[in-house]
Structures are given as C-alpha cells and as structure tokens.
Amino acid sequence: MPSDPTASAPRQSRRLTFDWVDIAFRAALPVMAMLAALLIGAVMLLFLKANPFEAYAAMLNGVFGSVSGITQSLVKATPLLLVGLGICIAFRASVINIGAEGQIIAGALMATWFSLQFRAWPGWLLLPTTMMMGFIGGAVWGFIPGILKARLDVNEILSTVMMNAIAVQLMNLMIRSLLMDPAGVTAGTYLAQSERLPEQVWLPRLVPQTSLHAGAIIAVVLAVVVYIFLWRTTIGYRIRAVGLNPDAARYAGIRVPVYQALSLTLAGGFAGLAGVVEVIGVQHRLLEGITSGYGFSGIVAALFGGLHPLGLIPASWLFGSLLVGADKMQRAVQVPSALVDTMMGLVVLFVVGSALWSRRWAMRREIAVSKSAEVKL
Amino acid sequence: MTDIFRLPVVIGILVSAIRLATPYLYAAVGEAFAQTSGVVNLGVDGIMLVGAYAAFFVALTTGNLWLGVLAAMFVGLLMGLLMSVISVTLKAEQGISGIGLYMFGLGLSSVLFKVTIGTVKTVVGFQSVKLPLLGDIPVIGEIFFRQSLPVYGAFLLVPLAWWFMEKTTWGLRIKAVGQNPAAADSLGVSVDKVRYFSVCLGSVLAGLAGASLSIALVNLFQENLTAGQGFIAVALVYFGGWRPLGIMGGALLFSIVNAFQLWMQVLGVRIPSDVAVMLPYLLTIAALAVTVNRARQPAALNKPFERGEN
Numbered sequence: 002m003p004s005d006p007t008a009s010a011p012r013q014s015r016r017l018t019f020d021w022v023d024i025a026f027r028a029a030l031p032v033m034a035m036l037a038a039l040l041i042g043a044v045m046l047l048f049l050k051a052n053p054f055e056a057y058a059a060m061l062n063g064v065f066g067s068v069s070g071i072t073q074s075l076v077k078a079t080p081l082l083l084v085g086l087g088i089c090i091a092f093r094a095s096v097i098n099i100g101a102e103g104q105i106i107a108g109a110l111m112a113t114w115f116s117l118q119f120r121a122w123p124g125w126l127l128l129p130t131t132m133m134m135g136f137i138g139g140a141v142w143g144f145i146p147g148i149l150k151a152r153l154d155v156n157e158i159l160s161t162v163m164m165n166a167i168a169v170q171l172m173n174l175m176i177r178s179l180l181m182d183p184a185g186v187t188a189g190t191y192l193a194q195s196e197r198l199p200e201q202v203w204l205p206r207l208v209p210q211t212s213l214h215a216g217a218i219i220a221v222v223l224a225v226v227v228y229i230f231l232w233r234t235t236i237g238y239r240i241r242a243v244g245l246n247p248d249a250a251r252y253a254g255i256r257v258p259v260y261q262a263l264s265l266t267l268a269g270g271f272a273g274l275a276g277v278v279e280v281i282g283v284q285h286r287l288l289e290g291i292t293s294g295y296g297f298s299g300i301v302a303a304l305f306g307g308l309h310p311l312g313l314i315p316a317s318w319l320f321g322s323l324l325v326g327a328d329k330m331q332r333a334v335q336v337p338s339a340l341v342d343t344m345m346g347l348v349v350l351f352v353v354g355s356a357l358w359s360r361r362w363a364m365r366r367e368i369a370v371s372k373s374a375e376v377k378l
Numbered sequence: 003m004t005d006i007f008r009l010p011v012v013i014g015i016l017v018s019a020i021r022l023a024t025p026y027l028y029a030a031v032g033e034a035f036a037q038t039s040g041v042v043n044l045g046v047d048g049i050m051l052v053g054a055y056a057a058f059f060v061a062l063t064t065g066n067l068w069l070g071v072l073a074a075m076f077v078g079l080l081m082g083l084l085m086s087v088i089s090v091t092l093k094a095e096q097g098i099s100g101i102g103l104y105m106f107g108l109g110l111s112s113v114l115f116k117v118t119i120g121t122v123k124t125v126v127g128f129q130s131v132k133l134p135l136l137g138d139i140p141v142i143g144e145i146f147f148r149q150s151l152p153v154y155g156a157f158l159l160v161p162l163a164w165w166f167m168e169k170t171t172w173g174l175r176i177k178a179v180g181q182n183p184a185a186a187d188s189l190g191v192s193v194d195k196v197r198y199f200s201v202c203l204g205s206v207l208a209g210l211a212g213a214s215l216s217i218a219l220v221n222l223f224q225e226n227l228t229a230g231q232g233f234i235a236v237a238l239v240y241f242g243g244w245r246p247l248g249i250m251g252g253a254l255l256f257s258i259v260n261a262f263q264l265w266m267q268v269l270g271v272r273i274p275s276d277v278a279v280m281l282p283y284l285l286t287i288a289a290l291a292v293t294v295n296r297a298r299q300p301a302a303l304n305k306p307f308e309r310g311e312n
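As given, the protein sequences belong to chains A and B, one line each in that order. Just so you know, the first sequence maps onto residues 2 to 378 in this note's numbering. Just so you know, the second sequence maps onto residues 3 to 312 in this note's numbering.
Chain B with its partners taken away, still in its complex shape (with noise of 0.2 Å):
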C-alpha cells in the first residue's frame, strides 16, 4: 500500500484521472445541454459507440484524425436528429426511447465494425501536446499541460459551455424551454426548434466524446467498446447540478477513483480486479443518492411539450 502513495504514482494516477475524464466530459456536457431544454437523452452510450466505431474507421483508412472527428460529429448529429424526431415531434417516452437509441447504436456499430473491420486494429491516436511554458511547471505541467489535445478541449468545453448557457441568447432560450415551455412558447419562442438544436448538440458531442476514445485514450475499436460510460455520463448531469462545473467536479471524481483503481492493480495490489471495477459504479450511485440538488433539475425535464395541454 505505501506505493501508492509516492509522488510519481500519485502524479501518474492524475494524469490518468485526467486523460479518462474526457469522454465522460464531451459526452455529460452534451447531454447537460439536452437536459437544460427538457429532453433526457438516454442514448448517449449507443452515440459514443456509433461516433467512435466511426472516428476509427476514417482514421484507420485514411489516416486523418481530424477527418476521424468530423466523422464522429456528424455520426452524432444524425443520431441526435434520430432522437429528437422521436423524443421532440413524436414526443415519446423519453426513457425509452433513449435505450432504443442505444440499442440501435449498440448493434449498428458492431455490425459496421465486423463488416468492416472484424479484428482488434489500432490506429496511431492524437498524441500528447507539451504546452509552452505551462509544460515545464513541475508536477502540475506533468498533470495538467502534456496531454492530448482532444483532452484540452474537453476541458475547455467547460467554461464554454458555461458562458453560452449563461450569457448567450440562445443558452437562455434553451433554460427558458426546459423550466417553462409553454411561457417560452408564448413569448415566440419555438420550442420544439430549440429542443431539436439542444438534443443535435448533445449529441454532436456525443459523438466527439466517442471519438476521443476511440483515436486518442485507447486507440482501437472492438464491440461495445463503451461499456457503459455513457450512461454515467448522464449520471454526471444530475450529480452536477446541470452545471457545467459540477459536472467537471463529477466527471474528476470519478475518473480519480476509475484511476486509483487501475493503478491499484498496476502495482499488483492484492484486491480482486471485480471489486476495483465495481468501485466507481458503487459511487456513482452513492453519489446520487447523497447530491442530487432537485431545486436545479429542469422544470420540464423528461415532459414532452403539447401546445394547449396545460
């Protein structure tokens, strides 16, 4: 146990921390901005899985990463226009529509990867970026300033997701539609529009936060290459309060323990590997259960919006 607690090791599990946090990042922050406008997205998992299967994909055959994301966006728009014709026109049960959209990605990108792919190949991925100047500080250069740029732009995503929640037009409608709808949709504000362009958000970064684990953290694709992450991130939403921030908090706070975890097992601490893995679940829900903050949860959150009906 005292190994764990030297300073490299403690360096390399955030540096871990804060390299696995990324998907969770992209793909919360998506979902927050779906939630914001009334919409639970529950497909989230099958968006990764489709936008990573195809960020692999172009980058394996053409051998551009940027072309890789691109991918993965769109993949995630098409996948978010899915959702919201379902969720948002045809107003269904948002639960369950969203496991029918991960069940669609789910089997779609496996399908896609043994057709097209079939065994496990990897890609060279986006490589770590040593900042100037930020990357020569000792410990917190090593932690924070020498990772991946899919990694920094998780992170700034937060703060810009903040501001334009927060000080943009748009942000407002979007908080506006998901606490009020039918005063939104008096003042002449379309609510299923802004609804339509939250959930393609969302789910572009979905695909994003797909793609980032595909060609930059595990560099390879294989069947449900996932394992769930998506739905935690939308664990992460409520856990933060709908706030970018919090959901940061979250998304480290996980990642750390997800971190400590497998460094535990590097290091051939003597616990079963199922009970490591298990640990961050176990959290998750303890940490839903102590912090959910109701007083910021969407008024309208999972209520389809009917003209007239109230």
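For reference, chain A alone in the conformation it holds in the complex (with noise of 0.2 Å):
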C-alpha cells in the first residue's frame, strides 16, 4: 500500500534482486482475500437457491471451456489492465482516483471524434494518433481534478466523481448531436450512437473469428512500460516518494502537489486509453455504456495486483475471466451477474482489511533482514 513506509524500504537497497518469500507472502493475501470473496458468493447462491457449485463450474467452464471463452476473458481483461495502470501511477502517490469511469468515456470520445474527422488518413498514420487523442483525452479528464487538487487542495475523490457525471453527460450530448450516426438520422431510429469509425483505425484481430484484438498486446507492453517507468526513472521514484511519505518528498525539495497533479494526469491517459481501445478494439463505435464498469473493476484488479503493473498483468485477466465467467453464470443457472460485482466489493475490503498483516508482516520481517545482516558484520 502506498502508505506504507517500511514495507519497500529494504528492497530499495537492493533493487535487482527479488525477495521471493515477501512477493509470495504479498501474492498469497488477495488470493486469500478472493477465495473469502468466492466462499461468501457460495452462501449468497445458496441464499438465491442455486447450487454453487454447479454455478462455478458454470462459470469456469464458459470461460476456459472454449477458445471463445478465452478470449473474451482477455478482451475485458485488456480495458481493466490499462485502467488499473492508471490507478497503480495514482494510488502509488497517494492520490484515490475514482475518475476512470469519466476518463474511459473522455478518451472514448476524444479517439471517436478524432478519427472521423481524420477519416482520409492512412491508417499508420490514423491509429497511433488517435489512441495519442485518446490518451490526451482521458489525462485531460484526469488533469482537471489533479490540479484543482494541487492548486485549491480540493478532495480528488469527490472532485473525479463528479468528473465521472459530467463525462456521461458529456458523451449522451454528443452522441445524440454533433457525433449521432447520419445513418440513424436518415433512417429515422436516432440511435444514441456514433457513426462506424473508419476502417483503418481498427485494432487487428488476434486469433481469427474471435474478438481478441491487439489492444490486448499493447496493454501488455504498457505495463512493462509503466513498471520501468515507475522504479527506473526519477519521475516515477518521486512518485512513489510522495506516495509513501509527503513530508519526506518535501523535506527532499520534492514538489509534492505537482507529482499528485502528475500522477492523476497520467492515471487517466491510460484510462482514456482503455476508452481507445474499447471503442477501436471493440464497438467499434461509441455508444452508451461504453465503460461497462471498467472504471471501478480496473481498480479492484489494480488492488489486486498490488498495485504493481506486473502484478497487474495476470490479476486483470483474473478478472476479465471472472466478468466473462459471471455472465455465463447468469445463463447457466439465472443468477444475476451483478453478483460479480458485490463479490468485487467483498474482494476490495478483504485487500485493504488485510493490508494491517502485510504491514506487520513487512515490519517483523524488516527487523528479522536487519538482525541477519548484523550477524554476517
């Protein structure tokens, strides 16, 4: 956690190397803290008067049963990755961003106006500059909250979520005015949509017949990208600084409230570019609900992850799989899959309740490295 001083302090020192028994200690608390998740959906099943495990196997088997369960499962695993890499930049500098349901839509709508307006290009040309918009778009969205934060000192928590409102707002006007699809218009259904982006923005299809697109290996790349960026650079360092003790990164001439500003400007470019990828990977379009919650989800697999952008890579197919799993759910044995997301809740507060042992954990084992080294002196 981000608050937590001691925990990567003695791995600062020696930073090439990796301590296996603490990332095992700190891998095996959010699988302890799903499987409580899971257990107590067990009991809700019950409750529902459906056999649970026949509504697990429901669920593992529509996921990894089929090469389209699988892919799937990686298609809502690639939004929930770039979102949550956001969230890794925020949540590591101690800034809570809420916003990625509103960065998703801003980048969305940035990457959708953008490559209609450019539709003659080429698209090497046309793609990487509108995923660029897209960025821009959602780190806009996220700029906004971060420097009212570090100029008025307004809560970013509350400040996002009402960007959130805005945002929806924001795309039902224009998809119903500036961006609503001439097709709908002249056909008379006015379908709350925008018209089918160009051809050459698409993100190619991975495994043929299936919607597995590219996005996917992006995502993937950024995450590399993200880790260097975050314990190899000095940008990112501050970061992290801020995150573990304001006070310190001050007393260091560190210029706290402009890394905050910074890393909420970053966390909602991935976010925007989640939105990017949603719309060029996948609708291909923008139309309503084009989040599909991946703004609360990424931050659960964000958690999840440890905040780590490594770690972040097989936890948000995780839950890619476990949103695929719940719909196939829903149609094996009628459970609403909206009990996914009260198990998200669940797996949420088990993370941050058991943060108080990893950071005993951390300290006892501090002390333990601390007393071997003295030993070998």
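These aren't lab readings, by the way, just hints derived from the structure by calculation. Keep in mind that this is a model prediction, so the values were computed, not measured.
FRET-style restraints, in silico, Cβ to Cβ:
1) A/Y191 with B/A229: 19 to 25 Å
2) B/S130 with A/N246: 53 to 59 Å
3) A/F119 with B/W164: 56 to 62 Å
4) A/I24 with B/L69: 48 to 54 Å
C-beta: ideal position from N, C-alpha, C; glycine also.
Combine both chains into one complex, guided by the hints.
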C-alpha cells in the first residue's frame, strides 16, 4: 500500500534482486481475499436457491472451456489492465483516482471524434494519432481534478466522482448531436451512437473469428513500460516517494502537489487509452455504456495486483475471466451477473482490510533481515 | 424564459428543491458524524442503495411503510458495522474501503432487486401532510409545510444533529477522537468505540436516505437508483464545513439548481437535458474549489488510529 513506508524500504537497496518469500506472502493475501469472496458468494448463491458448485462450474467452463471464452476474458482484461495501470500510478502517489469511468469516456470520445474527423488519413498515421488523442482526452479529464487538488486542495475523490457524472452527460450529448450516426438519422431511428469508425483505425484481430484484438498486446507492453517508469526513472521514483511519505518528499525538495497532479493526469491518460481500445478494438463506434464499469473494476484489479504493473497482468486477466464467467453463470443457473459486483466489492474490502497484516509482516521481516545482516557483519 | 420567473413556477421549484434535498440531508448529516470522528465513509452511496432496496421491498410485501423505514435503518447498521470492522479495527485505507463498500452495496441491491422484484413496480409512498396553521400560510406554507413526513424528519435532523454534536458528551467525544485521537485515548476514551458508533450512526442515516428516495420521493426501486447521490452527499459534508447548518445550506443550493433544471425541462426551455443534468455536478466541483474551510476539517480525518504510533 502507498501509505506504507516500511514495506519497500528494504527492497530499495537491492533493486535488482527479488525477495521471493516476500512476493509469495504479498500474492497470498489477495488470493485469500478472493477465496473468501468466493465463499461468501457461494453462501449468497445458496440463498438465491442456486447450487454454488453448479454455478462456479458453469463459470469455469464458460471461461476456460472454449477458445471464445478465453479470448473474451482477454478482451475484458485489456481495459482492466490499462485502467489498472493508471490506478497504480495514482495510488502509488497516494492519489485516490475514482474518476477512471469518466476518463475512459473522455478518451473514447476524443478518439471517436478524431478518427471520424480525419477519416481520410491512412491507417499507419490515423491509428497511432487516434490512440494518442484518446490518451490526451483521458489525461485532460485527470488533469482537471489533479490541478484542483494541487492548487486549491480540492479532495480528488470527490472531484473525480463529479467528473464521472459530467463525462457521462457530455458523451450522451455528443452521441445525440455532433457525433450522432447519420445513418440513424436518415433511417429515422435516431440511435444514440456514433457513426462506425473508418476501418483503417480498427485494431487488428489476433485470433480470427474471435473478438481478441491487438489492444491486449499493447496493454501488456505498456504494463512493462509503466513498471520501468515507476521503478527505474527519476519521475517515477518521485511519484512513489510522494506516496510513501509526503513530508519526507517535501523535505527532499520534491514538489508534492506537482507530482500528485502529474500522477492523476497520467492515470487519466491510461484510462483514456482503455476507452480508445474499447472503441477501436471492440465496438468500432461510440455508444452508451462504453465503460462497462471498467473504471471501478479496474480499481479492484489494481489492488488485487498489489498496485504493481506486473502483478496487474495476471490480476486483470483474473477479473476479466470473472466478468465473462459471471455472464455465463447468469445464463446457466439464472443468477444475476451483478453477483460479481458484490464479490468484487468484497475483494476490495478484504484486500484493504488485510493490509494491516501485510504491514506487520513487513515490519517483522525488516527486523529479521537487519538482524541477519548484523550477524554477517 | 419568462415562464420561469412566475410565482407558481418559483413555488414549484422550491417545493421540489425541499423534497430533493431530503436524501442528501440524511446521508450528509450522517456522513458528517463519521467524518467528525475521523473516518471518511465513501460507501454512502452503496448503503443508500441497499437501504432503498430494503425499504422498498418491505413496503411492497408488507404494505407498511414504517416497517420499510426500520428495515432500511437495520441494513444501514449492518453496512456500517462492515465498514467499521474494515476501517477502524483493521485500519484500512478509508477511501478504498469505501469504494469496496459502494461496489458491494451496488451489486447486492441489483442482485436482490432482480431476484425478488424483477420489474419496475411502485408503492404508495409517504403522502404529504399539511401541518395545521403553518400549512395555511400563503407561499411559505405551500413550500415548507405541505411535505411528507420523511422530509420534515430530514430538516428536523439538522438542529438535532447540531445539538448532539455541540451540547452532549457523546458529541464532544466524537469531536475529540476526530481531532486528536491520541489525547482522547490517553484520557480513557475508546477511540475505536467512538468511531464504531459514529460510522454506524452515519450508516443508519444513509439507510434512511435510501428509504426516503424509494418510499417517499420516487416510490420505486431500480438498479442504481441513487445514481451517485451518496457521493454528492459526501461532497456536501466538505462544502458545509462539517456543520449541520452548512450542510443544509449546501443541500438546498444543490437541490434548487437541480429542481431548476428539472422544471426547465418540464417547461420545455430549449437547452439540452444532458447539459442541464451536468449543471449540479459542475456546481459541486466549483463549490468544492471555492469554499472548503480547511480549518474546520477534523485533524485526524482519514487517519486510522494506532496506539503508540505517534
């Protein structure tokens, strides 16, 4: 957790070695949180008069029983990973970004407008610029609460929640006016969605006949980039220093508000990319509900992955699978898929609730490590 | 535009504003208790949803509105206990545990709604009660004294909360724990106990806020009925400087803007509804930027208390 100065202190000095016992312990806590949530989910299933074994079997089979199940889970994991990377950056700076929903929309909106505006451009030019514009759109949506926090000390949790609501209305307005599908207008249906994006901006499919697109690879590459950024660059180091101990960072000459605003801006950018990927990889147009709640489930994935970009890769796949599995479960045993939202909420509660133990563990371990170092001396 | 400023319309806007302020008042005053003790409970929206569902379901099946209110308070208490265990006993990061509680409440109320009710149904909610004498005052009576009981309750809660915070020992303890938990602890006040109490009290009120929505204001339940009202309630606590009266001012301001945009749509003023819906949120951000009175913020807000840490 970001507010935990003792946890990564011993690891700082030995940057290139991995403390496997430590990693195992840190991985075990979220797994146990997940098991606890699944257990409570099973009790709820019993109350809903469904057989939990049957329900979970339907879930597993739905996800891992077919190529389409696996690819669908990867398609859902992609925006989770991108959102989660942003959440990592923000939470590492002790900035609680609840605004990913709005930032996804801002990115999707920007990408849609841009690619339609410049539809004449060839793909090699339009695709990267569209992604860039989406990143910028989300970044702007993160920058506003960021600068409000830095300059006026406005609580970012609240401002990002408000920005979410504003983004939803902005998107609704745009897909009913400027960006409305002309085909819907001529047909008289007036569907609240944008025109189909030009085909050269669509992300290529990785597996034919499935929806798995190249965005998954981009997301994984970016996870590595964010890892390098946070742990191997000065700016990344400062962002983490601000999160670990703002007072110490201030004494060290780091301008804390600047780095908090920066982390929120970057977080917005990555969420914006998630919006782009949904638009150019999955839907190929902008429509209502484009976020699918990834802005919140991305937080869960990020916490589950220990707020670590590399830990996020398996974590987002897990939650992508859970989302797909919930749909399959709904069909198989007629239990609302919203049950998964409930379980995700519990996972969050259990993961942050267990941070106390991981903090105490880290402290004990630090003492043990320093004692063994003394013996060697 | 001229229509908007005619007296019946102005009265209509104010009557709606008073009604609309009700859930915000319950939720925000409740949140103020939790925050004064040092705990930010961001799960208010989730608690409101579960409370709204419980009140609606009980009212629908038993036909008794008061049983619905009780049910909402009870589930609010349970949610408050959950939040307290995570945030007080286990000392979790409060902003995140609140989001967890929100997701839990959102998911739970959706699941229960789909399984037990399924389609949109309505109940006959609390009817407006015209107060004797006061209700007959022209204009004023029409605006303030012909509302339903939960609305009166919300506005009564404001002086009550003020009295509780300022004039009772318990209020003093809550403030002490929020300002300087270590000092309160050394004087024999149990920090955890006071925080449990405050968070649970706030959550019961959040449950009531949900009930006031589902069985007094809109008289129905649907998925995500609150649509983020709980988060706005949290913002109102900051806006109101942690004082009940300030919170009431904020809630009224917000609700007047909201009522104004609703009436503009009713009267067919040509402004896109999306922009109109956006207005209150923009106002909230602006209000947060301009008004926050840092001096009033409880010093130990958002800080879990551990003995011997300082």
